[in-house]
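Chains as they are written, first to last, in my numbering: chain Y, 9 to 284; chain W, -19 to 632.
Derived by calculation from the structure, the hints in this document are not laboratory data.
Hints are supplied without guarantee of correctness; some may be wrong.
Residues on chain Y that point at chain W, a partial pick, calculated with CB under 7 Å [said to hold, decoys possible]:
hint : residue
1    : Ile31
2    : Ser181
3    : Arg183
4    : Ala185
5    : Met237
6    : Pro239
7    : Pro240
8    : Leu257
In the SDA-like style, the derived pairs of lysine to any residue whose C-alpha atoms are separated by at most 20 Å in a straight line are [to be verified]:
hint : chain 1 : residue 1 : chain 2 : residue 2
9    : W       : Lys153    : Y       : Gly236
10   : W       : Lys153    : Y       : Asp191
11   : W       : Lys153    : Y       : Ile31
12   : W       : Lys153    : Y       : Met237
13   : W       : Lys255    : Y       : Ser260
Built from N, CA and C at the ideal position, the CB exists for glycine as well.
The primary structure of each chain is shown beneath.
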Amino acid sequence: MPSKRFDQAKPFVVLGIVVLTWILIPVAVKSFLRAGFYELQAPIQVTASYARDLQEYWAERTHSNKELMEAGRELRHVYAGYEFQAQQVEALRAEIARLEQLLRLPSNPHYRFEPARVAQRDFSGWWQKLVIRKGANYGIPAGAPVVYSGGVVGRVRAVHAYTADVDFVTSPSVRLAATIENDSRPVSYQGGDNPPLAPARGIVEFVPPDIFTSAKDPKRLVTSGLGGMFPPGLTIGYITRLEASTDGLFKSGEVALDPRLSELTEVTVLVPLNPE
Amino acid sequence: MSVIETYKPQRPRLLFFHFLIGGMVLVLAAGLAYRQLLRAGAYGERERLQNQRRVLVPGPRGNIYDRHGRLLVGNRSRFAVTLYLDELRREFRTEYIETVRHYRESEAEGDIARSDRPSPGQLEQIARAHVVQRYLDQINRLLGRDEKVDLRELNRHFQQQLLLPYILLDDLKPEEFARLIERLPVESPLQVYTSSIRFYPYGSAAAHTLGYIGTSEEISVEDLPGEDLKTYSFKGTVGRDGLELRFDSLLQGKTGGAIYRVDPAGFRVNEPKEKRAPVQGHNLYTSLDIDLQLAAERQMQEIGDFKGAAVALDVRTGEVLVLASKPGYDLNAFSPRLSAAAAEDINAREAWTNRAIGGVYPPGSTFKLVTTLAGLRSGRLTSDATPADCDGTMRIGGRTFYCDNGRGHHGIIALREAIAQSCDIFFYTCGLQIGPDLIAAEARRFHLDQPTGIDLPHEVRRMLIADPEWKKRTTGDPWFAGDTANMAIGQGFMGVTPLGMACFVASLARGETTTKPTLVHDPERLPQHTEPIGLAPGQYAAILDGMEGCTTRGTAKILATNFLRIPGLRVAGKTGTAQVGPQNAIINIAWFVCFAPIDDPQIAVAVAIEGDTPGESFGGGRYAAPVTQAVLKTWFEKSQHAGASAARLTAN
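Only chain Y is shown next, with the shape it has when bound in the complex (with noise of 0.2 Å):
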């Protein structure tokens, strides 16, 4: 009879033991363990990523010649525009020089601009993230701001060694120091409680009581640059709704996010050159 007891109980005592050996274990062996653990499962997600890549190559290369030649004229169209927009760009940049040596000011803070491909997007969870497949083995550093061709995508929140962890712009703990365009006022961005399937918004709080809008005639909100992480002028969303807080002293509203960033595939991250 008490060897049959002891055998019911052994798994609650095996239990007991794991928890108490977990107990013990100093902290530092658990990070290690924690930071291996990401280590031993970033190949998998890189895998996963570049998998997804060869099929769509090959979903690429059943295309027809003509489908392909269509594309490639299109693409033309596309490559001509961007080489005007280049031209243009590199005139500002002359330009800027110009007034920044003129007016002795210093040179913006620069970044190293650096693309990455998405490995995962995981928009499941209460906090909404993106992992990319480049680490600290390009240097990306832990809440470098990461942009696409829309705006804002987010920050970098933890770094691995061949992967990062991006805390999404629709995640609940990505706040961001924002400016309503056309206004100086500093406002608070931060990601909203955003179910899956269901269009991404954000929370804009401390936005000054004259400042108006509507879903019709929306506002568009960039980042202020006076946080000192994101350059000014990226666009984070639109201003659909405000409200006067009871207060009256600001008024808060839902900010609608760009639905691109649902299936973003190709990230840049802005590495800065001068951190602090």
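Since the structure of chain Y is provided, determine the placement of chain W on it from the hints.
Below, chain W without anything else, positioned relative to chain Y:
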């Protein structure tokens, strides 16, 4: 036979114990029932009082606007970075252990003696300060500052206001606010906290009228539960002067707050049980017109560094358009609190007094209008009579009285010209004919001896219209003919406020006797109608002629010069110069009262400017009339503009 079969439950010796145990169980059950059923409410209440705390947040005050909806007093956001100490309990404990260990090691190494070791309470304070300084250093790094924790303030906050956020840095600049918003993790115990302070877009404009606020430990709470709980409260505000004081209950915001559960040490547990956002107080729309107010104050500044007051009223409704007092003070200096140096400066300049309602001056020659009214109504003066031949002096009761406004002789002069030229000899003569009692009664008919009842605190009550009976009662001396002569020209035992004179001239403009001033704007307010002035049309016209003559060819003819003339506006006015102070240091008070337009009176103005040099010539035409002109010019331009806009709208 088994053991069970031999058991006999009815063994009599055990019966006693059965009852005993049963009884004890009953006692226990009764005790349990008493505690759980009868005393449950009381225990629940004690538990509630012990583990719940209430935090109160005062609502921002309402805004104050001028009659056209322009913000005069508002609220400005104020950013601070705060630390929620109640979220740091574990860190405080860990730091305490570290601190104790550090001291023990120091003792072991002989660095400090055991007697030098701080008490456990002091060690706790040191540990707390270390933790808070670490967080402050985080802020210092982000903002490039070098701030240190105030240990005494930290301990006071910890002991008395643990549930309230501890303010590490106050009044952040917008850039600092933005930087912290972006750099501080969302879940950090460090957070950016916003509060409101009063903001005055026009600085010192109408400072005495608008008033200022002070902080208050007590804040009013309406229908927020938990009044019996231990309560922590942010400081509230209370009106201390001006409209802020008079309409304090209207402007006060509705207090918000939250009820938190706390652990035995007072640290917060979980989210609040109940929460209510503070609500801004009601807005106040004053009757002031900030354009006119600024015009008056600017002109008062331009004429020199004099003390004085200017009041303008809407003749029809009694709404106050301008209530200016100099010297003033910048209301923004009171936000968030007035510094000792600024208070000392205001004291030194004697700027606390609102001279429009608190300055009591003899009315000087502006009082001649009252004398005229008394004479005309009593029949002892007619509009065409020429009772005097002004040769510059007049002997009354053995004393020589002079005509201060003659610069020679007015000669034989009638009422219209006497008002226009402000001939003292004419009014000495009239005053002696009318008598002091009738003149005093006329002044009282216009309530010049009483406060106006304007909706402002601290309006003086010591205005004075003397008569023989008053002099006898107060000084024991008889009333002399010289007293009557003085009285007739607004000198001697007389004291009125600029607001009182503005009300008088507004009443005169309407042909009535009473104007009740108000600072609250009501677009639907009906014109005031009070006791008629009691003059025949011809008599009334004579007074108006004289007052218009004053501004065109008389003592205020400066208003007819190209520099000050307002084309298209006919103004009825009266200057005055009164003397105050001891014989060897007489100071002049320059007065000017008027209303306009003459044919449809809409605005009445009274200005009093105090001279600052004894014996200096200080006439109302030179010093007070230009202030009035600035107000009238602004008013007239606005009226023309509004009229043109209305005409355009009608045409469209």
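Hints, verified against the model:
With 7 Å as the threshold, the beta carbon of Ile31/Y stays out of range of chain W, its nearest partner Cβ sitting at about 16 Å, so the hint is violated. Hint status for Ser181/Y: holds, given a least beta-carbon distance of 5 Å to chain W, under 7 Å. The restraint placing Arg183/Y at the interface with chain W holds, with a minimum CB-CB distance near 5 Å, inside the 7 Å limit. Interface restraint check: Ala185/Y against chain W, minimum CB-CB distance 4 Å, threshold 7 Å, status holds.
The beta carbon of Met237/Y comes within 6 Å of a beta carbon in chain W, closer than 7 Å, and the hint placing it at the interface holds. With a cut of 7 Å, the hint placing Pro239/Y at the interface with chain W is violated, because the nearest CB-to-CB distance is about 12 Å. Residue-level restraint check for Pro240/Y is violated (minimum Cβ-Cβ distance to chain W is 11 Å; threshold 7 Å). Interface restraint check: Leu257/Y against chain W, minimum CB-CB distance 5 Å, threshold 7 Å, status holds.
Taking the CA atoms of Lys153/W and Gly236/Y, the gap is near 15 Å; set against the 20 Å cutoff, the hint holds. A threshold of 20 Å between alpha carbons decides the hint, and for Lys153/W with Asp191/Y the separation of about 16 Å falls inside it, so the pair holds. Taking the CA atoms of Lys153/W and Ile31/Y, the gap is near 45 Å; set against the 20 Å cutoff, the hint is violated. Using a Cα cut-off of 20 Å, the hinted pair Lys153/W and Met237/Y holds, with the two alpha carbons roughly 18 Å apart.
The straight-line distance between the Cα atoms of Lys255/W and Ser260/Y is roughly 18 Å, inside the 20 Å bound, and the hint therefore holds.
Going down the numbered hints, you'll see the structure goes against 1, 6, 7 and 11, while the others check out.
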